[in-house]
Amino acid sequence: MTTFALVASAVFGTVNKDTTRDRLIYGLKVFGEFMLVGLALSWILYFLPF
Amino acid sequence: MARREATIEAGSIQSWLTGGIAWLIPGAGHLLLGKWGRALVLGGAVWFCFLFGLSLGGHLFSVNGNEQGFSALLQIPPTVANLGSGGLYLFCWLFHIGFADDPGHAARPTFEYGWMFLLVAGLLNYLAMLDAFDISVGRKP
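These protein sequences, in sequence, are chains A and B.
Just so you know, we're using the numbering used here here: the first sequence kicks off at 1 and counts up by one.
Just so you know, we're using the numbering used here here: the second sequence kicks off at 1 and counts up by one.
Treat each hint with caution, since some may be false.
To be verified - In the DMTMM-like style, the derived pairs of lysine to aspartate or glutamate whose C-alpha atoms are separated by at most 20 Å in a straight line are:
| hint | chain 1 | residue 1 | chain 2 | residue 2 |
| --- | --- | --- | --- | --- |
| 1 | B | LYS35 | B | ASP134 |
| 2 | A | LYS17 | A | GLU33 |
| 3 | B | LYS35 | A | GLU33 |
| 4 | B | LYS140 | A | ASP18 |
| 5 | B | LYS35 | A | ASP22 |
| 6 | A | LYS29 | A | ASP18 |
| 7 | A | LYS17 | B | GLU67 |
| 8 | B | LYS140 | A | GLU33 |
Unchecked claim - The calculated label-pair distances, taken between Cβ atoms and stated as ranges, are:
| hint | chain 1 | residue 1 | chain 2 | residue 2 | range |
| --- | --- | --- | --- | --- | --- |
| 9 | B | ALA106 | A | ASP18 | 37 to 47 Å |
| 10 | B | PHE70 | A | LYS17 | 38 to 48 Å |
| 11 | B | PHE111 | A | ARG21 | 23 to 33 Å |
These are computed hints drawn from the structure, not numbers from a lab.
Where is the CB? At the ideal position from N, CA and C, for every residue including glycine.
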């Protein structure tokens, strides 16, 4: 999940923003969101009985 | 002025060619445009995902007509995603790498991670291809 988040956020940051600073900030933000959503979904699925 | 805008809207032959090359060889489109940094990040991400997916034992999808009923339709979305990898997919298709469909192959613990990375590689390359096209047309700096 971390590997995927790293790669995808690098691409999203590069494609979506124009300056290096904006790319870095956006990439970090997307990376954090991927990790948070992934962990949250994992815990939700862990408690589901089916 | 209007003619230039029309060219930007439709894209010149060179832009379409750049997009095509970006699809065929991940990262090459940006290299042609002289965007070394972008080529390294975007191309590197696609190559890494694809090779990592294959090394994990991932499966590449194709629609070969042998599927029964609706399973043929289910093969189409992942095949489209895999096709995004361009030349990497075509190379594997030609040499039959990653298309094995036997239970032993699917039993590998990393099998599902593998095909997911292969799908992601294709989808990211579609983004990279569109980015190269947009830069070539002049919509992006």
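Would the hint linking LYS35 of chain B and GLU33 of chain A be met if the CA-CA limit is 20 Å?
Violated, at about 28 Å.
20 Å limit on alpha-carbon distance, applied to hinted pair LYS35 of chain B and ASP134 of chain B:
13 Å, holds
Satisfaction of hint between ASP18 of chain A and LYS29 of chain A, Cα-Cα up to 20 Å:
With Cα atoms ~16 Å apart, LYS29 of chain A and ASP18 of chain A stay inside 20 Å; holds.
Just to be careful, I want the Cα atoms of LYS140 of chain B and GLU33 of chain A compared with a cutoff of 20 Å; is the pair within it?
26 Å, violated
A range of 38 to 48 Å was offered for this pair. Does it hold for the Cβ distance of PHE70 of chain B and LYS17 of chain A?
41 Å, holds
Does the Cβ distance between PHE111 of chain B and ARG21 of chain A fall inside 23 to 33 Å?
For PHE111 of chain B and ARG21 of chain A the Cβ distance comes to about 40 Å; the hint is violated.
Are LYS140 of chain B and ASP18 of chain A close enough, with their CA atoms no more than 20 Å apart?
Within the cut-off at roughly 8 Å; holds.
When you check the alpha-carbon spacing of LYS17 of chain A and GLU33 of chain A, does it fall within 20 Å?
At roughly 17 Å apart (the allowed maximum being 20 Å), GLU33 of chain A and LYS17 of chain A satisfy the hint.
Hinted pair, alpha-carbon criterion (20 Å max): LYS35 of chain B, ASP22 of chain A. Please report holds or violated.
With a Cα-Cα distance of about 17 Å, the restraint between LYS35 of chain B and ASP22 of chain A holds, given a limit of 20 Å.
Checking one constraint from the list: CA of LYS17 of chain A to CA of GLU67 of chain B, max 20 Å. Satisfied?
Violated: LYS17 of chain A and GLU67 of chain B sit about 42 Å apart, past 20 Å.
Status of the given 37 to 47 Å range, CB of ASP18 of chain A versus CB of ALA106 of chain B
43 Å, holds
Going down the numbered hints, you'll see the structure goes against 3, 7, 8 and 11, while the others check out.
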